[in-house]
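Peer 1: Sequence:
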Amino acid sequence: MSDRARKPSTPTPIFSEQDAAVYESVVVPRYSGLFAQLVLHEIPAGTRATVLDVGCGTGHPAYEVLRRLSPHGRVIAIDRDPTLVELARRRALDDAGRRIFFKVADAEHLEFGEEVFDIVIGNLVVGHLDSPAQALREMHRVLVRGGKLLLTRALEGTFEEILDMFREVATRRDLTAVAERVGTVAARYPSAAELAASARAAGFDEVEVKVEPCKLSFRNARDLFADPLWRFVGLGEWRWIAGHEPGHDALLAEVERALDTYFGSSALSVTVNAGLVVARRPMT
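Each residue of the sequence shown is one higher than the one before, starting from 0 at the first, in numbering that gives the first Met the number 0.
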């Protein structure tokens with residue numbers, strides 16, 4: 000363990016086993032997998048590398064990365080949630096302990112020495128950390144010189160249809176506090192330039208941000224809000240936007256009606272702007 004790393008206390012599980020199973024069956028194929036594909040495209044088949052997957056969740060894309068590596072490659076996958084790590088470890092079967100290793104660990108205080116990994120990946124992890132800048136510095140530290148960073152993030156414009164309806168309702172009802180909270184949530188999704196700047200600030204160079212616009216489609220707003228996907232992705236933010244006002248359930252219902260009015264008889268589409276940072280630790 001690096002003497003610069005602080006061993007965190009044992010984390011409290013964030014997911015129940017049931018939540019982890021739903022995340023694996025719903026969120027991975029329909030949401031996080033969209034971002035993971037951007038990572039996989041940057042790792043050619045047969046790559047010989049030692050890879051660190053930060054925030055591995057239930058094991059995606061760690062397993063897919065392993066399949067792209069040469070027989071000499073290996074993957075170390077970490078997550079702060081013990082329930083997710085245990086599910087990922089069970090799914091690894093015979094590869095666990097040989098070429099892929101799962102560990103409960105803190106992204107902001109990586110328990111590895113300097114210059115250990117050829118590639119560090121992080122799929123949708125940075126936006127959920129208390130200190131993203133610290134995590135990026137740690138990723139930089141554990142990469143070999145010339146090593147590659149592959150980091151995904153939902154970018155500005157993501158869920159804009161939902162946020163626009165909150166703005167409309169807030170304006171119509173003169174709810175200044177709601178409008179301000181919409182702005183706070185929207186600001187959590189950085190621009191491509193802001194994402195690149197955060198990587199450069201952590202010491203990376205050759206920084207490029209690739210953006211892949213995606214659409215999630217639903218029959219109507221009721222189906223959208225009832226979809227289990229949102230329990231893990233956006234609903235917490237939307238409830239926070241509405242939740243400080245009396246009758247916040249009515250406010251969410253009004254947003255639902257506004258969405259159906261806007262889209263009419265057409266399918267309701269929600270924007271997801273998937274971003275990928277590709278960067279390297281400098282050689283010097």
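Please keep in mind that the hints were generated in silico from the structure rather than gathered at the bench. Predicted model, so just to flag it, every value in this text is computed and none were measured. Among the hints, erroneous ones may be present.
Claimed, not checked - Between beta-carbon pairs, the in silico distance windows are: (1) H71 - E193: 34 to 42 Å; (2) P281 - Q17: 42 to 50 Å; (3) E41 - A176: 39 to 47 Å; (4) R187 - R221: 20 to 28 Å; (5) F262 - T283: 24 to 32 Å; (6) G263 - V21: 26 to 34 Å; (7) S69 - G112: 48 to 56 Å; (8) E179 - E113: 24 to 32 Å; (9) S264 - H71: 29 to 37 Å; (10) P81 - T283: 46 to 54 Å; (11) E179 - R230: 45 to 53 Å; (12) E41 - S264: 24 to 32 Å; (13) K214 - G112: 23 to 31 Å; (14) G112 - R238: 19 to 27 Å.
No residue lacks a Cβ here, since even glycine has one placed at the ideal position from N, Cα and C.
Peer 1: Decide, hint by hint, whether the structure agrees.
Peer 2: Results of checking the hints against the structure:
no.: 1; hint: H71 - E193: 34 to 42 Å; verdict: holds (37 Å)
no.: 2; hint: P281 - Q17: 42 to 50 Å; verdict: holds (45 Å)
no.: 3; hint: E41 - A176: 39 to 47 Å; verdict: holds (42 Å)
no.: 4; hint: R187 - R221: 20 to 28 Å; verdict: holds (26 Å)
no.: 5; hint: F262 - T283: 24 to 32 Å; verdict: violated (53 Å)
no.: 6; hint: G263 - V21: 26 to 34 Å; verdict: holds (31 Å)
no.: 7; hint: S69 - G112: 48 to 56 Å; verdict: violated (23 Å)
no.: 8; hint: E179 - E113: 24 to 32 Å; verdict: violated (43 Å)
no.: 9; hint: S264 - H71: 29 to 37 Å; verdict: violated (56 Å)
no.: 10; hint: P81 - T283: 46 to 54 Å; verdict: violated (39 Å)
no.: 11; hint: E179 - R230: 45 to 53 Å; verdict: violated (25 Å)
no.: 12; hint: E41 - S264: 24 to 32 Å; verdict: violated (40 Å)
no.: 13; hint: K214 - G112: 23 to 31 Å; verdict: violated (43 Å)
no.: 14; hint: G112 - R238: 19 to 27 Å; verdict: violated (42 Å)
Violated hints, listed in ascending order, are 5, 7, 8, 9, 10, 11, 12, 13, 14; each of the other numbered hints is respected by the structure.
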